[in-house]
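Just so you know, the protein sequences line up as chains A and B, in that order. Just so you know, we're using the numbering used here here: the first sequence kicks off at 34 and counts up by one. Just so you know, we're using the numbering used here here: the second sequence kicks off at 34 and counts up by one.
A hint or two may mislead.
The calculated BS3-like cross-link candidates involving lysine-lysine, where the alpha carbons are at most 30 Å apart (straight line), are [as the list claims (entries may be wrong)]:
#, chain 1, residue 1, chain 2, residue 2
1, B, 103, B, 494
2, A, 37, A, 90
3, B, 156, B, 90
4, B, 467, B, 348
5, B, 37, A, 142
6, A, 536, A, 348
7, B, 467, A, 90
8, A, 90, A, 131
9, B, 467, A, 138
10, B, 467, A, 37
Bear in mind the hints are in silico, worked out from the structure with no lab data behind them.
2 protein chains.
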Amino acid sequence: MSEKVLDRVIGQVRETALLQTSLAVLEWDERTGLPSSAGAYRAEQITLLSGLIHRRKTDPRLGEWLAELKESELANDPSSPQGATVARLHKDFERNTKLPVDLVKAISKAIVLGQQAWERARKADDWSQFESHMQAIFSLRRQQAERLREPEGTLYDALLDEYEEGARARELTRVFAQLRDDLVALVQELADAGDPPRGESWRPRMSLERQRAISRWIAEQIGYDFRRGRLDETSHPFCATLGPHDCRILTRFQEDFFPSGFYGTLHEAGHGLYEQGLPTEWFGLPPGTYASLGVHESQSRMWENFVGRSQAFWKWCFPHVQSMGDHAWDAMTADEVYRDANRVQPSLIRVEADEVTYNLHILIRFEIEQELIGGSLRVADAPDAWNQRYRDYLDVEPPSARDGILQDVHWSAGLVGYFPTYALGNLYAAQLMKAANQQLGDMDLALASGEFQPLLDWLRKHVHAYGFCMHPKDLIEQASQAPLDAGALTEYLRAKLLPIYGK
Amino acid sequence: MSEKVLDRVIGQVRETALLQTSLAVLEWDERTGLPSSAGAYRAEQITLLSGLIHRRKTDPRLGEWLAELKESELANDPSSPQGATVARLHKDFERNTKLPVDLVKAISKAIVLGQQAWERARKADDWSQFESHMQAIFSLRRQQAERLREPEGTLYDALLDEYEEGARARELTRVFAQLRDDLVALVQELADAGDPPRGESWRPRMSLERQRAISRWIAEQIGYDFRRGRLDETSHPFCATLGPHDCRILTRFQEDFFPSGFYGTLHEAGHGLYEQGLPTEWFGLPPGTYASLGVHESQSRMWENFVGRSQAFWKWCFPHVQSMGDHAWDAMTADEVYRDANRVQPSLIRVEADEVTYNLHILIRFEIEQELIGGSLRVADAPDAWNQRYRDYLDVEPPSARDGILQDVHWSAGLVGYFPTYALGNLYAAQLMKAANQQLGDMDLALASGEFQPLLDWLRKHVHAYGFCMHPKDLIEQASQAPLDAGALTEYLRAKLLPIYGK
Chain A
34 MSEKVLDRVI GQVRETALLQ TSLAVLEWDE RTGLPSSAGA YRAEQITLLS
84 GLIHRRKTDP RLGEWLAELK ESELANDPSS PQGATVARLH KDFERNTKLP
134 VDLVKAISKA IVLGQQAWER ARKADDWSQF ESHMQAIFSL RRQQAERLRE
184 PEGTLYDALL DEYEEGARAR ELTRVFAQLR DDLVALVQEL ADAGDPPRGE
234 SWRPRMSLER QRAISRWIAE QIGYDFRRGR LDETSHPFCA TLGPHDCRIL
284 TRFQEDFFPS GFYGTLHEAG HGLYEQGLPT EWFGLPPGTY ASLGVHESQS
334 RMWENFVGRS QAFWKWCFPH VQSMGDHAWD AMTADEVYRD ANRVQPSLIR
384 VEADEVTYNL HILIRFEIEQ ELIGGSLRVA DAPDAWNQRY RDYLDVEPPS
434 ARDGILQDVH WSAGLVGYFP TYALGNLYAA QLMKAANQQL GDMDLALASG
484 EFQPLLDWLR KHVHAYGFCM HPKDLIEQAS QAPLDAGALT EYLRAKLLPI
534 YGK
Chain B
34 MSEKVLDRVI GQVRETALLQ TSLAVLEWDE RTGLPSSAGA YRAEQITLLS
84 GLIHRRKTDP RLGEWLAELK ESELANDPSS PQGATVARLH KDFERNTKLP
134 VDLVKAISKA IVLGQQAWER ARKADDWSQF ESHMQAIFSL RRQQAERLRE
184 PEGTLYDALL DEYEEGARAR ELTRVFAQLR DDLVALVQEL ADAGDPPRGE
234 SWRPRMSLER QRAISRWIAE QIGYDFRRGR LDETSHPFCA TLGPHDCRIL
284 TRFQEDFFPS GFYGTLHEAG HGLYEQGLPT EWFGLPPGTY ASLGVHESQS
334 RMWENFVGRS QAFWKWCFPH VQSMGDHAWD AMTADEVYRD ANRVQPSLIR
384 VEADEVTYNL HILIRFEIEQ ELIGGSLRVA DAPDAWNQRY RDYLDVEPPS
434 ARDGILQDVH WSAGLVGYFP TYALGNLYAA QLMKAANQQL GDMDLALASG
484 EFQPLLDWLR KHVHAYGFCM HPKDLIEQAS QAPLDAGALT EYLRAKLLPI
534 YGK
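Put together the whole structure using the sequences plus the hints.
Right, here's the structure in full:
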């Protein structure tokens with residue numbers, strides 16, 4: 034009986050996924066080369082498809098089927114594919130139907146207006162043009178959180194849960210506070226070092242054509258499958274899934290700054306490897322879906338940083354890039370590149386930050402948005418809180434709102450509770466890398482020979498294969514055989530960076 | 034009252050157009066760079082969207098509204114935007130609902146199997162593998178024609194009407210017979226000439242990068258608006274409309290054959306100029322839609338051939354291509370290129386044919402498919418009929434089915450009645466060019482200075498602005514102030530080609 038109902042649910046959800054991936058094609062296309070005059074009509078197409086998708090996701094019949102399944106024996110084991118399917122779809126349905134239509138509409142509208150205002154405010158470097166929109170967005174998201182909040186959770190938890198199921202602000206606060214203290218200290222130690230990398234080795238110009246070839250090559254080397262993907266260019270790199278065998282990555286090349294395209298590719302290919310490793314037979318359903326944004330980010334950071342900024346990696350990679358680079362790197366050495374790939378430099382802008390200070394940028398946002406939702410900070414005071422923390426954690430002084438609180442799109446897009454997943458990704462990646470190193474033996478030997486398959490296989494087995502059948506926290510704890518903790522990341526950073534800085 | 038109903042209809046159809054153009058994005062993407070493993074899922078996405086579109090197009094409420102409007106005063110003037118909207122949508126609805134579901138399904142299935150069989154048969158150069166599929170397809174299309182046939186029309190007319198509304202086989206037969214006699218004679222005259230072009234000037238290799246830049250440049254020169262379009266690459270060039278401000282063209286470059294990319298671009302940009310010239314406020318509705326496939330083809334042929342293979346055009350264009358071509362054309366002259374652009378050479382393959390013999394390829398297909406539908410020719414005898422006509426009209430002997438009756442995808446895709454629109458395009462273009470020449474004065478002077486705006490303005494005013502508010506035949510007769518006739522095309526070809534061939 035229940036099996037039949039489950040089949041019906043699965044059929045319905047798979048069909049919805051066909052629409053969602055069609056929408057993803059429209060969005061991918063919008064960001065790769067939509068003619069400049071075509072934006073308004075594309076928005077209409079997207080709105081129509083979004084409406085069709087929403088109607089299917091809130092179809093009362095679906096709710097009835099899911100309610101029935103929730104009480105059936107199929108729901109008994111929530112980490113089995115069937116159990117996870119029932120549990121997650123039921124939760125999704127509840128979330129999609131729990132919010133009053135008026136609130137959903139108000140949020141949509143506030144986001145559209147908010148993003149427009151944010152763009153204007155940022156251009157004009159004028160916080161006051163955005164303040165009232167930020168107020169509206171946080172107030173609406175707070176109302177949403179009140180509806181979705183679970184008995185034992187906070188308001189902020191309810192928002193966080195959408196991106197990182199099961200995460201709790203209390204635990205993150207504890208782990209992040211430790212991370213903050215460790216990293217602030219590390220940044221200070223590095224600043225006092227006598228022999229810092231200068232970041233000059235990236236400077237020789239290399240033609241875009243050569244860079245494209247190198248990016249394609251390195252993505253293939255780490256295992257990204259071009260029969261099931263492609264590499265394109267855009268202004269803000271991303272990774273998009275358009276089907277079970279169609280996960281595309283996008284990067285941005287700069288002639289005079291090699292890491293932009295190269296690390297953009299490694300980062301997005303890391304996301305792509307995760308998507309390509311999910312069980313395709315469950316595509317569009319929880320067992321075929323990524324576990325959380327934090328886990329997703331752990332995969333991109335793994336390949337971008339833990340692999341792509343390691344000494345072993347550059348030992349292997351350097352001569353290849355040199356020979357493909359059309360003489361641009363003739364005067365360089367592997368060691369210079371390795372050192373410059375690990376330059377730590379406190380700065381104002383999150384997306385340009387290095388592996389260490391990046392986390393501090395995130396923690397500042399995490400602390401501020403929690404206080405705003407919790408009510409202990411007013412939106413009007415947010416810029417001061419922002420600047421104060423940049424002074425405290427990074428010892429830099431934002432000279433303007435544009436390079437301060439207005440730099441990110443997230444809040445204007447209604448994304449509250451999203452930022453911490455970036456730092457979680459780094460913590461997860463560190464724990465996974467530590468475990469993989471322990472289980473696979475000397476990883477450096479493999480990386481120094483360009484052998485990435487053992488690491489990828491390990492990730493496939495311990496992370497990718499599970500899809501969204503476990504809470505991300507449980508998944509990472511099981512894979513890394515350790516509880517969530519800042520230690521692994523701090524250890525890894527200190528072990529790598531102090532020798533580079535001559536300490 | 035009726036206005037309200039019309040508004041409802043227009044709203045419904047505009048929404049359907051949002052889905053149709055979303056589908057067009059999926060198809061464009063499929064043909065520009067879909068990862069090789071992603072085809073099956075893309076087919077599922079397309080099937081789902083097609084189903085949604087079909088359901089909307091056959092919605093009984095739409096039928097009721099249209100039936101009501103058909104009897105209202107809004108239908109009185111069928112060439113007004115409102116009248117054309119009512120008339121065409123009503124006709125569409127009737128066509129979409131007149132056919133029994135079983136027949137529609139049988140046709141869909143026959144086409145899928147037919148195309149697969151055609152690909153196998155073509156690869157194996159074995160007609161017998163396709164024969165039974167061709168039989169099935171023609172038999173089903175005949176059944177369809179019996180349902181759609183109008184009292185005064187033939188079965189073939191009913192099929193033709195789908196691509197070229199109002200066209201009648203009897204009239205086309207008369208005009209095409211004249212064209213055939215004229216062109217067979219012309220080909221013979223040219224074959225006897227003493228100084229034919231040798232086709233050597235296209236041979237110097239030119240890098241794809243240079244060719245891309247030249248193609249983009251020439252498309253811009255003739256007026257194609259890149260804010261509302263883009264130029265991409267594919268294996269079979271085409272033009273796709275994805276929105277009122279998003280009409281994309283695609284071509285195919287070959288390093289050692291310049292005309293492939295260049296004329297592919299001019300041809301598709303001609304289609305694109307038509308789409309960009311349609312009234313955007315009526316997008317998705319008849320007044321914002323092209324009049325017919327024949328009229329569409331007249332626009333592509335206008336720019337590819339009547340402009341792009343003229344002496345005046347090359348006088349202007351040659352030095353530009355030479356200077357952009359990175360020395361590839363250093364040893365050439367404008368006159369050589371002009372002569373080679375007009376080389377006439379009877380051959381086996383339609384898509385590689387020149388401006389003269391192309392029409393004979395079409396007439397052969399037109400005659401055969403008419404006889405097959407009419408019943409005077411059996412499918413089993415079609416290959417013999419094909420080969421006999423190639424001997425008679427083109428004096429060539431198809432050595433195989435692959436280079437003979439199996440060369441085109443159309444019949445396997447169920448497209449019967451489609452081929453004549455290609456030749457109609459050439460006839461229309463000749464009549465339009467003759468009229469434009471008369472009304473605008475000496476066009477050669479403008480073309481020789483790279484001034485294309487006057488011709489484009491003329492086409493906008495006399496063709497594009499009407500959308501699908503008139504029958505294509507009436508539109509062309511009004512614009513050219515002459516009835517459909519082979520004379521203009523024959524005259525134009527003789528006047529251009531005989532001097533080139535030293536006659």
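Query raised in the report: What are the numbers of the hints the structure violates, in ascending order?
Result: Hints 3, 7, 9, 10 are the ones this structure does not satisfy, whereas the remaining hints hold.
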